Structures are given as structure tokens and as C-alpha cells.
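> Chain by chain, the residues:
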Amino acid sequence: MTSTLLIEQLLNGLQFGVMLFLMAAGLTLVFGVMGLINLAHGALYMVGAFACATVATATGSFWIGIVASLIAAAFAGTLVEMLVIRRLYKRDHLDQVLATFALILIFSEGTRWVFGSFPLYLNVPEILAGPITLPGGLQYPMYRFALIVIGFLVAIGLYLLISKTRLGVRIRAGESDREMIAALGIDIRMLYTVVFALGAALAGFAGALVGAIQSVQVGMGEPVLILAFVVIVIGGIGSIKGALIGAILVGVVDTMGRFLLPAAFKLFMENSAATSVGSALASMLIYILMAIILVVKPRGLFPANG
Amino acid sequence: MCLAGAATAEPVKVGMITTLTGGGSGLGIDVRDGFMLAVKQAGNKDLEVVIEDDARKPDLAVQIADKMIQSEKVDILTGIIWSNLAMAVVPSTVAQGKFYISPNAGPSALAGKGCNANYFNAAFQNDNLHEGMGAYATKAGFKKSFIMAPNYPAGKDALTGYKRFYKGDLAGEVYTKLGQKDYAAEIAQIRASGADSVFVFLPGGMGIAFMKQYAQSGVDVPVMGPAFSFDQGILKAVGPTAVGVKNSSHWSKDLDNAANKAFVESFQAEYGRLPSLYAVQGFDTANLILSAMGKASVKDADAFRAALKAGDIASPRGSFKFGNNQHPIQTIYVREVIKEGDVYTNKIVGAALENHQDAYASDCKM
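Keeping their order, the protein sequence lines are chains P and F. If you read the first sequence in the working numbering, its first letter stands for residue 1, the second for the next number, and so on. If you read the second sequence in the working numbering, its first letter stands for residue 1, the second for the next number, and so on.
For reference, chain P alone in the conformation it holds in the complex:
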């Protein structure tokens, strides 16, 4: 095993992690600020990917597609918040889960109705296609490298938004004490809609970015949603910092597990048995990680409200 392979896998883990962060950030904000469990977050990821694929195909520009994904997902998020979610804040979590699960079905079948069952075509832009050579002679896909950079830029942007702006102050206040901020004359309904739309836009952005290297199809959001929930539980619900660290932890552990575990089992097992035991265990690894972290820190690594 060479060190370049190890470094390449670390970069892969990092890239997977920052994309999970885009999903998890919205999810954790919505849960932290509004106390809402939103299963339909994955549907917004899908909306972003479909908007990007459609617009990119029509205009021939990936970048216009990205803008479209942000707008479409934020718009869908706003609409969903005003029509459905708004009625759920005071209800218990079971009602929220049921209603947002229904939203998943509506979004999935609606998308199939409009776009059909076959996957859509979306490829990375010309300028980011192909590999780049990193110091040390390592070849790495340029697009994935760009994703890592974009992910960290978004993380910095969110940090500045939450800690330095008036909107950020309101979001933090909304997390700590909902009644008090309403009593101080802040339009809490407006704040909720804005936070939900922001989360939706981030999910749609992630869907478009990841759709270009994976596949744009109905139901693409749900597997990511599960991982995003794992991330926010590990990171501490409501915490953006927790979501970033949790996402990178999950991304790196999952990627390294998939590649190191089968190799480790090969040291003392026959080849094909080692491969299947190793890969089976690797797919459980992040859940094992989550269980261990919850035993040690039941509220996650960085719980939002102390």
C-alpha cells in the first residue's frame, strides 16, 4: 500500500464529507431552530439535481444549471414551508415525520411524472473535467478537488452568516429561546421561512454538485438523507460546527473503512471471504461509529444548547 493511495483515499473521504455537510447543515439548522424533523430534505436535494440537469441541458452551461438548482430548491423549500411545514411546528415529531414522509412520496412521483423513470444526463463542466496533478505526483479528479474547496467555502460562509450577521443573531436566538425572540418583536414566521429556504438551497446545491458525478434520478436523495441524519446526530443536533466535523468524520471513516477493512481481513483470511466480510463490515462502520459516540457523548460532539 503506497502513501499516494492513502492520501488519495483521504481526499476522497474529505470530498464525501463536505458534500454530506451541505446536506446536514440545512437539516441541523431546521431541527435546531424550529425543532422540526424534515424527512423531505432529500427530496430538495433531488429537486436541485433535476433543476440543474434540465437547465444545463437546455442552456449548455453547467453554471447556469447550478444557479437554477439553488433557485429551484429554495423556491420548493419556501413553498413547502408555507403550505405544509408551517402547520407542523407545534405538533409532535411523529406528525412531522408522517407529513414529511408524504412529501417524499409526492416529490418522487411528481418528478417521475414530469421527467420519467430514466436517469437524466448531467456531466461536469469542461473546465473541471479530467484529473489534476497534486504535489507528490498524485493524480486526482479536478472536479472532486473543486468540491472540497467549494464545501469549505460554504462552511466558512455559513460560519460568517451565523456569527457575524443580524440574520445569524436571530437564528441563534431562535435556537435558544423561541418565545423570547418572538416577544422582542422579530417576525418568527418570516425567520422560519428564510431558514428553511436556506437549508433547501444548500440541499439543492449539493444535489446538483453530486448529481454531476453520480446519477440524476428519482429517489437519489433518500440514501444521502439517512447519512445526513447520522451526521447531525454525531455532530450534535442544531450545531453547524458539529455538522461540519461530523460530516468529515463520517466521510473519512466510511471511505477508509471500505478500502482498509477488506485489506486488513486479507492478512488472516482467504481472499474472497476477506473481501465479503470486510465490505459487509465497512458498510456498518459509520453506524458503529455513531453508536460509540452516542455512548460517550449522548448529545453528540457539539450539542447546540450547551
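Calculated from the structure, these hints are not laboratory results. Here the structure is a predicted model, which means the values were calculated and not measured. Virtual Cβ for every residue (Gly too), placed ideally from N, Cα, C. Any given hint could be a false lead.
[Said to hold, decoys possible] In silico EDC-like cross-links for lysine to aspartate or glutamate, where the CA-CA straight-line distance does not exceed 16 Å:
no. : chain 1 : residue 1 : chain 2 : residue 2
1   : F       : K144      : F       : D169
2   : P       : K266      : F       : D196
3   : F       : K13       : F       : E48
4   : F       : K181      : P       : E179
5   : F       : K139      : F       : D196
6   : P       : K90       : P       : E179
[Said to hold, decoys possible] Residues from chain P that keep clear of chain F, each with C-beta distances beyond 10 Å, as calculated:
no. : residue
7   : I37
8   : R87
9   : K90
10  : D95
11  : Q96
12  : P119
13  : V210
14  : I213
15  : M290
16  : R299
17  : P303
Please build the complex by placing chain F on the supplied structure of chain P, with the hints as guidance.
Just chain F now, kept in the frame of chain P:
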């Protein structure tokens, strides 16, 4: 209505259980459309078809099968795409004396010791296409293959099938999570392994994701795989990144025979898209039923079975015949992905295995 043969007066009711919604529904839709094209072309008023969606769920497929057999009184069941669903439905269907004709799934358990007189497979045994790719790799002189499939029964069958006919060494053997969409970790392993060829069995969205990521990685080891990953429905989404990939199939759009030309043309005219191998399998399944109806009454199970087994159809695949285990003996071709005008499609490169029979047939006592 004027009937041509004396035995055709008996109406036949076919129940089709296939995947029309959710993941993988593109396959079921193609099977259905191919099947209904043949039914429409035949115009036989004695054939009635009921279609239901299994949403790729085994429990739902079993429920529908029970309903179709008990309350709708179908004579023949067909349509199932996935091997795990087929294993849940087929054994009890044939045990109740009904016919089952598979338009896709061909699990090894139903081809060897578990073969049954009432079970026909009009598509393939699951290993066939992988065996074809293995034979091609040996012929092409590859010495170090990196092989990869999802960690589930059909994935293991795929790699076993490839290894059965591939004589070189392995640079690596990897099982991925079923439904995995990110292959960065695996591609890094391919890069580091020094392989001279890569064989992947990644059907549906998994294959799309892999091909796109592979193209961007800068690794230039040739990729090959069974037709499932390079099928007409998928090529649209994979686009230019798949051009040049070799894949194995029992059918191709450019096979030179009259039945195929007519089929491709009429399918395009009817549905406005190119047919896939799944559409061919559905088309052949319907024609098998229609040909048997012309020769025997479905109420006379022995005669009907013999008529089915004769395989008396003009298949777009060219020659078509059943082996002793009632799975096809057919030629497996190697195709290459090309761009034809604005459309990505396949063209035949050559035959990998001529008149190939599956490895399990000898275990079948029929």
C-alpha cells in the same frame, strides 16, 4: 373471427408482474412495452394480459401472484425483473401447475437442480453475459483484471461467471455496497493495482455513477461489463464517458437478421425510443406464448409445454432455442458503445461464446 388452427380456440390469460415504479422501473417498462408490441402485432383476440406493478418489492410480488392465480385465474405468469423477486414467486407458481416464463431474472437456483417443467426462461441464465465477458477478456489477451460487483447474490454470480471463462490473474476483487453511488475509493484502488482491464457489474444508477467518475479520474485502463450497465436506457445518462466500452449481450440493435430489423423499426415507431435488451426479452416472451397458443390448448399442459419448449419464434436475437433446463442456448456477443448521430448506442464487435449453454444445465434432471 376466423381461426387458423383448430387448437387456438382456447383463450389464454397472462399475468404480468413487473417493476413499473421506483428504482429500476426502466427495465420493467421496457419488458412490458416489448411484450405488448408483440401482442399488438399478433392481434390475437384470445390472448388477454393483466399487468401489475411490483415496485421491486418481493412481498408485493408474492401478493400479486397469489391474487392473479386465485382470483383472476391466469394460466401463465411472467414479467419479473429481479432475481430475489423471482425466487419468491416462481417456485410456488409452478407448484400450483401454472406456467412461469421469465423475461429477465435467471437465478442459478432455478437453472440447475431446482429446474422445473413449468418454468421457462426466455432471457438468459444470470451468469451468461458475465461468462461472455470473461471469454472475451481471455481472447483479447488481458492478463490482470480488476473485478468489481455489488455485495449481493447476483453480484457474486457475476464475478463467478466472469472467472469461469477468464484465464488470467486478478489485480483485485472488490464487492461494493448495493446501491452505492460514489466509487472514488474503488477507483483509487484500480489506479494503484496495476490492472490491465476492469470488469464491472453495476446495473442501473450504480453504473452511471461509476462510468462518470471513472472518466474523470484519469485512469485509462479499459472497462468492460455486461450489457446491463451499457443498455439503451442508461447510455442516455452516461453519455460520452462510455464510448469505447466493450460489453457483452445476447442481443444488439444492429444484429443482421430480418426479425431484428422489423422489431427495432416497429418498436421505435410505437414508442419513439430505441429498444433495449429488456424490450427484446419481453417481445420474445410474448411471441413464445403466442406460438404455443397456435399449436396447443393451454388446458392441455403437456402439449402446451412441448409447444413452448419448441421455441418456435423468429427472435430478434437470431437463432433461439431452449436447452434441457428450458433456459436459452444462445450466442453471447461483444458490443462496443458508439455515438451514432446524436444518440449513444452499441454496435457488435464479434461473438464471445457461440451457442452457449449455462453451467447449471447438467444439474437439471430434465
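> Among all the numbered hints in the text so far, which are the ones the structure does not match?
Violated hints: 2, 4, 12, 13, 14; rest satisfied.
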